[in-house]
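Chemist: Residue strings, one per chain:
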Amino acid sequence: MKIIPIANSTIALSECEETEGTVTKQLLPLTRREFLSGTGILFGSIAMGSTLAALAPSPAWALELKTLSTAEGTTLMKMGRVLYPHAKLPDAVYALLAKDLDAGDAKTVAMLKDGIASLNKAAKGNFDNANDAAKLVAVKSIEGTPFFNAVRGKCITSLYDNDMAYAAFGYPGSSWDKGGYITRGFQDLKWLPEPSKEASPEPYMG
Amino acid sequence: MAKFGYDEAVVVIVGSGAGGGTLANELCQKGVKVVVLEAGALQSPATFLNDEWKSFSQLAWLDNRTTSGNWRVAKDFPNLPTWICKTVGGTTTHWAGASLRLEAHEMKAKTTYGNLKGANLQDWPITLKDLEPYYAKAEDKMGVTRTNGIPGLPGNNNFKVLHAGAKKLGYKEVHTGNMAINSVPRHDRGRCMQIGFCFQGCKSGAKWSTLYTELPAAEKTGNIDLRPDSHVTRIEHNDAGKVSGVIYFDKDGKEQRQKARVVCVAGNSIETPRLLLLSASNKFPDGLANSSGQVGRNYMRHLTASIYAAFKEPVHMYRGTTMAGIIRDEAGNNTKRGFVGGYEMETLSLGLPFMAAFLNPGGWGSEFSWWMEQYANLAGMWIVGEDMPRETNRVTLHKDLKDKWGSAIPNVHFDDHDNDLAMRNHAFTAGENVYKAAGAIKTFRTPPYPSTHNLGTCRMGLDAKTSVCNSFGQTHDISNLFISDGSQFTTGGAENPTLTIVTLAIRQADHIAAQMSSKNL
Ligand SMILES: Cc1cc2nc3c(=O)[nH]c(=O)nc-3n(C[C@H](O)[C@H](O)[C@H](O)COP(=O)(O)OP(=O)(O)OC[C@H]3O[C@@H](n4cnc5c(N)ncnc54)[C@H](O)[C@@H]3O)c2cc1C
Ligand code: SF4
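As they're listed, the protein sequences go chains A and B. Residue numbers for the first sequence follow this note's numbering, beginning at 1 and rising by one. Residue numbers for the second sequence follow this note's numbering, beginning at 1 and rising by one.
Next comes chain B alone, as it looks inside the complex (with noise of 0.2 Å):
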């Protein structure tokens, strides 16, 4: 591995998971210097813990957040707004795999579905045309299955449980998804085992994270200086108001300065508007690259929900990957439904300790613990579908509570749009439709989990007024600043949201190549 010094200008990026991992690697490949600032610790397929709980403390963000507004999360986990992790590999490391693009219409959001009241919609400053090159290279470099000649994987039970209700509501298109998991060995990696801890960090490498494949790749050219344990609490600007460094406390909790070239943020969707609102100065009052007032506002999280169903017969949904299937028929835009936009249904299962914790957070009594019994006959799907944008669903600063380097925490502030909430109301239906004819004896509509999409709190646009970057990513303000996340989105879509965070950061790093190139940056 490159050791870069501190006073090196170099290529700095915040975070190391899907969007930073990804542009790290891309930027290399180019030639340019890249110090990647990682602020969790460094495992490894070998290290991974096929145990819930013991994986979640070792690969989840657990430093404390608070939460505000009418959202079920608020309630239920009021210190965990997120399921998200602090580890090499961010977040990649936990995920299912579901790589869907977005569809041409979600990219005009605002077009298509008008002005709805209390929503801040916008068009994205790019359309899906723009993108299809970027996603084909993201989907190769995934090895997304049912993407180039990549087969499907196999079903497993729950699948056949999901297919067979599915089927018979005539439900069209019903597979086992694209999946950014090898069904096949492919590129150095094995294909999957089945093994089920798929959110646990796939233990025989059959998954995509950028852990084992970006990382390494980037590695591979001398060109990354990769700092695991190294969390980061401030950019630093010039006086021209132009970003020159960073701050970060190091693994033995020493304070560092690097010095940048050019700044990336890619700590997901609320440690990133965190970041530039707790790096405000004289110059910058409001934080970085805010002169909008947009940075950490119209966060999304997805319409989420879960539906659970008891069958007279076995299931083990627990067996084989964790999102082994999806019906797509719920996905366009039919406002016949009474709402706006819509919904992928995908096969989920959780371990019986996440079970407990998660099928009704805060339940008990004989009807919780009738459920519990049913484990082995159960099969579940979760529901993903767009949320709406609210300039109030916003990442804001905490008035009093520090973190241990003395940062104001972040509060996640998040209501339910009427538009979420009909949604929600039709996906429950539908689900517990599909499990009813797949002969359900019990169906039950679990609550949303701690968000795992985090998205738009940075939001790309054309104009510098209501938008914090443009569509490379780059902020309006600050041109040697980018996004580099999720926080980029416009708005949500209904699809899993990593392949195209994956697509924005390689669509980023030809555009920062070529800006430093041309002396730009």
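Bound conformation, chain A alone (with noise of 0.2 Å):
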């Protein structure tokens, strides 16, 4: 499981509203160092009072792009949302998609490139701004290409394997360090009937 890394920003989003171009560097007084080395910005926020927002150390979130652009970087947060529509997840972790194809090679980063503007073609010029069905019919019409494989395959780890999604899915991972479910309702489920005891014996309990 991966731990999102949502940076305790101090980015006031008010600020920060284009989606093009680079962000300017006196928006980004902590985190400047690191940013000045990237090639594209994303950020965004997670709605207050959220389970999730429990998780993260700051409702605001920014992440930087090593080689891909601000707009390229949304493109395949956009699309990872066709892929695999959650409402329960907040965009911070379609970053996380962005984030994990952005540190390929080269090569990989030019199929990206490639891959994003085949997108924006088949979205009549912008994906990003097209609709729910157009968004839809455009990324079926790359199914199959090695970027549509790239960025579906990717989904799988980057989407379902963080703090988020476990969170926004019920599911609580590592269960050892809280002495299992012995004591924590493993069989707690009162909604059919009990097994006799010859198919499920008590459980010992020492």
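Worth flagging that the hints you see were computed from the coordinates, not collected in a lab. Don't take every hint at face value.
Stretches of chain B that chain A covers, calculated by requiring three or more beta carbons in the stretch to come under 8 Å of a beta carbon on chain A [what the hints assert, rightly or not]:
id: 1; region: 149 to 156
id: 2; region: 171 to 183
id: 3; region: 195 to 207
id: 4; region: 350 to 361
id: 5; region: 373 to 384
id: 6; region: 420 to 431
Computed from a predicted structure; not experimentally measured. All C-beta atoms in this analysis are idealised placements derived from N, C-alpha and C, irrespective of residue type, glycine included.
Please dock the two separately framed chains into a single complex, following the hints provided.
Modeler: What follows is the structure, encoded as structure tokens:
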């Protein structure tokens, strides 16, 4: 499982509304040094008061990209939402997809950039601004391409193996450190008839 | 731990899993000196991880392999035909613990099922009766529940769902299974804490694994030299055509030659035939023990499939033992169903990360997402049934691709037999019916995962022309070369194979020790 690396960012969201172009340096007082080397940056916020917000040190998150532009990163996030749509998952989780894909070698990066361009083309120029139905059509039209396979495959580990997905879908992860489930409800299901003691003997309680 | 010299002619065992680890201990208890060469590293319950992907990279065999054939695994996991381990203890670290004996008729598959087109059926050269005393020893050693007075495990929520559906349909043999998992403390190991990460290595040590049972017991005798991180690349022979030693790469990547009086190969059913094929020489141009041409053939993987079902209420299937219970009523041979052989239905659960990877490999879109969102309300079962051995389903050496030691990598070819397809369809329907009877709102047919049960690639038989080894796993061609894992299986049966692998290893140890004392080996 991954912990979403949400930085304790001081970016004021109101100052960062553009989705295109480079973020001006003065907006990043704390993390300035890291961001200078990046090619793009993704940012967003997690709704306050949600269960997921409790997992993040700050409601605002920012994520630096090493090789992709902000626009390319955003397109990957939106493609991730078409592939695996989850209203329950905040953008921060889909940003992980962009981050994990961004980590590839030069050949992969070129493939991603080409793929993003073809996705935009399939969406008549601008995938990000297309409506949901048009986005789905565009993604379907590139199904089976190496780009599609790379993004879809990465979704499996990026979207479903992190603390926020665990919380959203009700999977607690590691259990040995809590003593397993022997005293924590492994047989607490009450909406079906109980099996006989021959079929399912009482647990040994020492 | 004992240290034996490279020039000492010991019994060399390749692999430390169910077959190799058990054989090592049994031989050591009889005073035989054994060197175990294990490609994987040494872990322990303390280092096991309750994290599916991290555990997978810690324990699984990830060396490159290729696939071919019409099985769906070749499409979904082209370079991962199997899910098995490279670690001390082998796949007994990952296994779930279901421990069932073969049925008498399954060991006479040819006689029972007759001539099936496209299947290479044979009767085993031994009967269930021959194996019974050894099965009893294996069950005691492994602490199998509902044998030797050991109580069954308590069923978890996933079992309650399976049980409720099965009972509604009138299935009779439904219980928490015969598991090599301590329901009560036994043999210095604690009882199951219902941790729920059985596939990631049992952190409480309740589940039998050679890692912390057979191998430490062997160590106490002073007769074992266990060498982790030691990958065997070749078995050598002398002019007389007897095996004389093995070549391996040690943990520093240095090539070593260990002299051997006897070599036992227990690398699981892909690596075992691969090693025999890689050891081809002028004298044995088709590979060792391959005069029959059967090395690598008749590869079986059990008919597998899974069914997941969504309910209105929570199940939390991940809580507690992964394989928490069984329905055995479909295991018999009832050809009225449209196929020969039978299958077991056993509960199964995956964590969220593996559910995403295995529910529907390649799947995407809103339906897939819907299933993931039902995670807390899902119940799951796995189908394990007898698949047909076919000569053309086989492990071969890749023509071009090599591994880091310069050895040709294996290709695993598998085509489903019509009988397999008919059985899988029947099992899917039966499994869905179980869940519908328990009130499922939706059910899903999950295709086979990479193979966890790998069998048959060096089959045993009476005739040296049509089989690789005899009923003791001793190869027909080379008397001091043994097959000591599931590769020996003549046919697969419907039952999870490990209890039988352990049983055969105990029997083989008796044979080797006796042959050694009478100087036949
Ligand atoms: C997730 C999962 C669940 C399972 N559940 C069950 C179950 O409930 N019941 C059941 O009966 N079975 C189960 N199995 C199957 C069971 O684990 C295997 O049947 C059993 O472990 C096979 O024993 P083996 O000795 O043939 O091979 P393994 O246990 O796989 O051991 C082979 C060892 O040989 C080593 N090796 C291979 N090649 C070389 C080489 N060239 N040099 C040195 N070392 C080498 C490997 O690293 C490995 O450690 C399960 C398997 C998996 C993956
Ligand atoms: S459920 Fe039991 S057997 Fe499985 S890992 Fe946990 S303690 Fe071990």
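Chemist: Against this structure, judge whether each hint is valid.
Modeler: The hints, checked one at a time:
1. With a threshold of 8 Å between beta carbons, the proposed coverage of the region 149 to 156 of chain B by chain A holds, since 6 of its residues qualify and at least three are required.
2. Only when three residues or more bring their CB closer than 8 Å to a CB of chain A does the claim for the region 171 to 183 of chain B stand; here the count is 4, and the claim holds.
3. For the region 195 to 207 of chain B, the stated coverage by chain A holds: 5 residues have a C-beta nearer than 8 Å to a C-beta of that chain, and at least 3 were required.
4. Here the region 350 to 361 of chain B counts 6 residues with a CB under 8 Å from a CB of chain A, which clears the bar of 3, and the coverage holds.
5. Under a criterion of three residues with beta carbons nearer than 8 Å to beta carbons of chain A, the stated coverage of the region 373 to 384 of chain B is upheld, 3 such residues being counted.
6. Remark: the region 420 to 431 of chain B is not confirmed as covered by chain A, as 0 of its residues place a Cβ nearer than 8 Å to a Cβ of that chain, below the required three.
The structure is inconsistent with hint 6 alone, although it conforms to all the rest.
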